[in-house]
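Model the placement of chain B on the given structure of chain A, informed by the hints.
Letter by letter, the chains look like this.
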Amino acid sequence: MKRFCILILVYLSSSLFGQNLDNIYYKIESKLKKDNTYLNIHAVNFKPEQKDLAALSNIPLTDGKKPYNFKVSEFIDYNFVVLVEGVEIDSMIILYIQEVENKAAASTEFITSSTSEDNQIVETMVVGFKDLQEIYFSEPEIYDRLLTFVDGILKNDPQAKKPLLKINVDEQIKKSKGISGKNNQDFLNFQRANSIHTYPRDQKTSTTSSRRRTQETSSADYKIDASFSHATFNHKAMAFPFGDISAELNFGNKATNTLPFESMTGALGVRARIGISGKTVDHQNDFQIDGKLMGRMRLNTNGLAKALPFLSAEPRLHLGSGFIFDINLTRAFGLPFINLYVASGSKDVTNPYVKIGPADSSRSFFSFTQLESSMSFYWNTSEDMTIRFRLDLGISKYDVVKAVYHKGTQTAMVYNQLLPFATLYFNFVPNDEFFAAYFKLYDGKVNLGAWFKFLQLSGGHIFRFDFNYVSSPLFRQPHEWESEGAATLLQVRYRYGF
Amino acid sequence: MKLKLLFLIFILVTSFSVYAQEVEPAEPIDDVIKELNNIYSNLEYNTIAFDDLKRKWIITDPIFIREIFNRFVVNNALRRNYRKVTIEEIKQLAEDIYEGRLLIDLRQRYYDDEVEFFAFLPENEIDKKEPKLLFDPIVDPYYLNEILGNKLYERIKEQTYALNVLTKEDYDVKTGYFFDVNLNIMEPEIMFWSTTSNYRNKYLLSAFGKWGNDNIFVPGWNLPNYVFGFGITYFQSLSNNPRNFTYKVRLGIGSPSGQVYKPVTAKQKLYNSGQNIYFSITGDPLKYVWEELEDLELNLQGQFSMQEMDASAYGLKVATDFYTLRNYWNIEGRWRNLFNMFDFGNFEAAVGVASHDINRFRYTPGQKKTVDLDPKKDTFDRFTHFGYVDVGVVRTGGLIQHSINFVFGHSVEGFGYYGLKTKVMLSDTFGFDVRFYSAYNSDLSKFPVWREESYIVFSPVLRINY
Numbered sequence: 209m210k211r212f213c214i215l216i217l218v219y220l221s222s223s224l225f226g227q228n229l230d231n232i233y234y235k236i237e238s239k240l241k242k243d244n245t246y247l248n249i250h251a252v253n254f255k256p257e258q259k260d261l262a263a264l265s266n267i268p269l270t271d272g273k274k275p276y277n278f279k280v281s282e283f284i285d286y287n288f289v290v291l292v293e294g295v296e297i298d299s300m301i302i303l304y305i306q307e308v309e310n311k312a313a314a315s316t317e318f319i320t321s322s323t324s325e326d327n328q329i330v331e332t333m334v335v336g337f338k339d340l341q342e343i344y345f346s347e348p349e350i351y352d353r354l355l356t357f358v359d360g361i362l363k364n365d366p367q368a369k370k371p372l373l374k375i376n377v378d379e380q381i382k383k384s385k386g387i388s389g390k391n392n393q394d395f396l397n398f399q400r401a402n403s404i405h406t407y408p409r410d411q412k413t414s415t416t417s418s419r420r421r422t423q424e425t426s427s428a429d430y431k432i433d434a435s436f437s438h439a440t441f442n443h444k445a446m447a448f449p450f451g452d453i454s455a456e457l458n459f460g461n462k463a464t465n466t467l468p469f470e471s472m473t474g475a476l477g478v479r480a481r482i483g484i485s486g487k488t489v490d491h492q493n494d495f496q497i498d499g500k501l502m503g504r505m506r507l508n509t510n511g512l513a514k515a516l517p518f519l520s521a522e523p524r525l526h527l528g529s530g531f532i533f534d535i536n537l538t539r540a541f542g543l544p545f546i547n548l549y550v551a552s553g554s555k556d557v558t559n560p561y562v563k564i565g566p567a568d569s570s571r572s573f574f575s576f577t578q579l580e581s582s583m584s585f586y587w588n589t590s591e592d593m594t595i596r597f598r599l600d601l602g603i604s605k606y607d608v609v610k611a612v613y614h615k616g617t618q619t620a621m622v623y624n625q626l627l628p629f630a631t632l633y634f635n636f637v638p639n640d641e642f643f644a645a646y647f648k649l650y651d652g653k654v655n656l657g658a659w660f661k662f663l664q665l666s667g668g669h670i671f672r673f674d675f676n677y678v679s680s681p682l683f684r685q686p687h688e689w690e691s692e693g694a695a696t697l698l699q700v701r702y703r704y705g706f
Numbered sequence: 222m223k224l225k226l227l228f229l230i231f232i233l234v235t236s237f238s239v240y241a242q243e244v245e246p247a248e249p250i251d252d253v254i255k256e257l258n259n260i261y262s263n264l265e266y267n268t269i270a271f272d273d274l275k276r277k278w279i280i281t282d283p284i285f286i287r288e289i290f291n292r293f294v295v296n297n298a299l300r301r302n303y304r305k306v307t308i309e310e311i312k313q314l315a316e317d318i319y320e321g322r323l324l325i326d327l328r329q330r331y332y333d334d335e336v337e338f339f340a341f342l343p344e345n346e347i348d349k350k351e352p353k354l355l356f357d358p359i360v361d362p363y364y365l366n367e368i369l370g371n372k373l374y375e376r377i378k379e380q381t382y383a384l385n386v387l388t389k390e391d392y393d394v395k396t397g398y399f400f401d402v403n404l405n406i407m408e409p410e411i412m413f414w415s416t417t418s419n420y421r422n423k424y425l426l427s428a429f430g431k432w433g434n435d436n437i438f439v440p441g442w443n444l445p446n447y448v449f450g451f452g453i454t455y456f457q458s459l460s461n462n463p464r465n466f467t468y469k470v471r472l473g474i475g476s477p478s479g480q481v482y483k484p485v486t487a488k489q490k491l492y493n494s495g496q497n498i499y500f501s502i503t504g505d506p507l508k509y510v511w512e513e514l515e516d517l518e519l520n521l522q523g524q525f526s527m528q529e530m531d532a533s534a535y536g537l538k539v540a541t542d543f544y545t546l547r548n549y550w551n552i553e554g555r556w557r558n559l560f561n562m563f564d565f566g567n568f569e570a571a572v573g574v575a576s577h578d579i580n581r582f583r584y585t586p587g588q589k590k591t592v593d594l595d596p597k598k599d600t601f602d603r604f605t606h607f608g609y610v611d612v613g614v615v616r617t618g619g620l621i622q623h624s625i626n627f628v629f630g631h632s633v634e635g636f637g638y639y640g641l642k643t644k645v646m647l648s649d650t651f652g653f654d655v656r657f658y659s660a661y662n663s664d665l666s667k668f669p670v671w672r673e674e675s676y677i678v679f680s681p682v683l684r685i686n687y
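If you read the sequences in order, they're chains A and B.
Remember, the numbering used here sits 208 above the position in the first sequence when you count from 1.
Remember, the numbering used here sits 221 above the position in the second sequence when you count from 1.
Simulated from the structure, these hints should not be mistaken for lab results.
All clues given are correct.
Calculated cross-link-like contacts (lysine-lysine; reagent style DSS-like; alpha-carbon spacing at most 27 angstroms):
#1 667(B) / 597(B)
#2 382(A) / 277(B)
#3 274(A) / 242(A)
#4 239(A) / 277(B)
#5 383(A) / 395(B)
#6 235(A) / 305(B)
#7 383(A) / 277(B)
#8 395(B) / 508(B)
#9 538(B) / 590(B)
Which residues of chain A face chain B? A few of them, derived with a C-beta cut under 7 angstroms, are:
#10 235
#11 375
#12 388
#13 585
Every residue gets a Cβ at the ideal spot worked out from N, C-alpha and C, and that includes glycine.
Isolated chain A (complex conformation):
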C-alpha cells in the first residue's frame, strides 16, 4: 500500500512535470517552424555516405514513432540545425535534423536537361527537437554520437555552418547621434546641392569576382546653371583630373544684405576648383581650393528692379566697379572649412543711378569694399545624410560712403563696421537633392532663402524654384542707404548636366 501511495505521488508530480515539459517542447518546436527571421541558429549540411550509417542508424523518436535511419542517396542530404552559442549555453545543441530531398532532380535523373524551375526541394524535419532532447536526457550516448558527428563535419569544413538568421543586423545599425564628416564629404555634398558650379560626384565602386574597379558617374558634355540673376557654364574640356574651371555671370553681391540687382552691379569671371593631391586624385581627402575671380561692373538695374514682378527691392546702395575674389578652402591641418570674400575697386561717385532727396541736397550712397570671412561647420542628422546642416560663423564688413551733390560733390565715410554673422543652412536630400533653405543674421537683418526642385526631365534638365528674402532691420532704424521694407526675389533656376 505504501508503495502504491508513493507511486501516486510520483505519478502526480510526473504528470504535472510532463504537462510543463510538453508545453515547452511545443513552444520551441513551434518557434523553430514559424519564426523565419529572428532565429539565431545554424544549419550544418552534409550528405551521408555508407560509412556514416553506423553512427546514424536507429535514432529513437518519441510519441510512438519508429526510429529514424539516415538514407544514402544522390538526391538526399541533411541539415543538422544547431544552436551554436547562447547565454548560459556551454556547448552546441542540436535542435532538429532536416532531410533535404531534391525531388525534381531525382525524377529527371535520366533527362538530359532541366531548368531551375523544375527543381523541387522538399525539406522534412525527420528528427524533431523533442526527439533529440529525449535522447539527450534518456540516451545520452546516442546524442553524443550525433554531436560528435556534427563536430567532425565542422572541424573538416567550418564553412559548412550556414546561418538561418534572416534579419540583416549590419544594415540596421542605428546611431543616436548624427555625424560630421572627417574629410571633404560634407563640403562636396553641400556644394553639389547648392552651388551654381559643378563638383565631382562620388566615385561608385563596383566589385567583380577578382578585382575592384572604380568608375566615375557619367555626365553631360557641358553643364549650365542659370536663373534670372546668374548663369554658369562648364564644358568637359574645362575639367581636369585635379579640378575644373567654369565661367560665371552674376548680378548678386555678398556682405551687403542686398538681393541681386539691388546693388546695381554685374560681375563676370571664372571659377576654378583645384584639388591639391599626390599621385592619385582623391576628392574626398585632397585639400580643395575653390575660388572665383570676377570683374564687377556697375549696371543701372534700378529701373529693372522696379519693373520686374518677381523682384521686390528698392536699390539705394551703389557697389563700385572692381574685382571680386571669393574662395572656399577645405579643412587644412584639422582646421574647419574656411571662406574668404573680398570685393573692392574704383571709388567713383560721379555718376550715381539713384539719388535720394531734393535736387539741392541730393545724395547717393556707395560701398567700395566688402569683406567677409567665415568658418563652416557641417553635420548630418544620420549616417544616411538625408538631413544635412551647415553653419557659417564669421565676420563681415562693408563701407558706405555718402556723396552729396550740391555745389560740387562732397563725400564722407558714414559706415565702416566689422560685424559678426551666422548662417544656418538646411538641406533635405532623400535620394537626390530636393530642398534646401538658409537663415542668415547679419547687421540686424535676416536673410532667408530656399529652393526646391519641382521638375526633372530626362536628359538631365532640372528646374528649381528659388526664393530669397532680406528683411528690414529688426533691432534698429534703417540706415539711409537701406530700403525701409523687405526685399524679395522669386525665380526659377535651371540646371543641366549636373
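Okay, now just chain B, sitting in the frame of chain A:
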C-alpha cells in the same frame, strides 16, 4: 496508521504544491525545464542591449483587454511559474478585469514589429521598476499568435486602440571633440581645432566672446564692452563632461559694444573709453599638491584698458560728463561636485573677490581728448571691491542639462547684489541663459549712479557639438 500518515503527507504535498503556485516567486520547478527554457530564450537573435530602447506600450482599453484575456482563458494559456492556473485564480482575477484594473504590458522586437514581450500587469504595479506580473510573460511572438489567433495578434501589433506609449528616447549626451559651436550672446565659444599629443589628452583651440562680467555685477550688455579672443583648453584625459578640463587659458581684445539698452534706474550711462585686453586662466592646479583637491577650480581673470579713445569716437554732440569702467580683475575658487543631489545634479560652491575701477570723464565738443574729472584720485581709490559667494547645482548629460546658481555679493561700499544665474539646455543643443541680480542697500549715498538697482540679461543658446 502508516497508510493514514502517507495519505496525510500526500494531501500536504499536493496542497503545498497548489499553495506554492500562488505565493512563491517565479523559480524554475525543475532543472530540465530550466535548461529547456534557456534554449528557448536563446533561439532568437539576442537584442538585450536595446531592451530599454525598444518600442514599449501598455494597452489600456478595458474591453480590448477582456478580449485578449479571454483568449488566454479559452486556450488555457495562463501560466504561473510554468504551471497552469486554476479556475479559482481566474475567477479572483475576473473582478480586477471588470473594474479595469488590469493592463497589458508589451514590447516590440528591435529589428521588426513582432511582439517580444507580453504580460498582464496589475494597474498598481505600473510605476514599479520591477513590477509583479500576474502570470508568466509570453516572450515569443509566434506562441502569442497561437494563443490569440492571427487576427487579434495583428490588431495588437497595429496599435490602433487606447494605449500608452512608453518607448524611451535616448538623450544621453556625449561630448564630441571635432568641433563645438556654442552660440550664446553673452558667452559664445567656437571650438574649431583639436589635437592629441598622447593617447588620451586633448588640446582644444577656441574663439570666444564675452559680454559683461557677473562677478563685478555688470552682466551682459550692461557693460558696453565686447571681448573677442582665442583660448586653449587642455584635457589631461578626455572626458564626457566638458567642465572636466585641466586648464583653460583665454586672451582677448575688448571693443566698444555700443549702448543697446536705455538705463532704467541708473542716472548715468556707462561708457567704454578704449580698447582693452582680457585674460582668463582657469584650472585645478592644487590637485598636484593634494589629490583630494581635484574638484577645486581656481580662476583668475582681468580686463585692462590699453588706450583712451579719441573724443570723437564717443559719438557725443554736447558737453557730457560720463562714467567709464576701464579695468577689472577677479579671483575665484570653485569647489565642483561637492555632493550629488539625486537626479538634480551636482552641488557646487564658489567664493571670490572681484574689483573694478570707475572713472569720471568729461567730453567737450571740439576737444580731441576727454578729460579725467578726478585726476588726483589714485588708481587704488578708483576701485570698488566685491566679495561674493556662489552656490548652485550643475547637471550634465541626459535630456535636460542645467546650471542654477544663487549669487550673493557685497561691496566694501556697503551695497551689494544677490541674484540667480540659470542656464537650461535641452539635449545639450537648445537652451536659454538668464541672469538676474538685484541690489540691496541701493539707497546708500555710495550706490553708484551708473548702476542699475536690478539687472536682467538673457540669451538663447544653440550648441552644435560633434
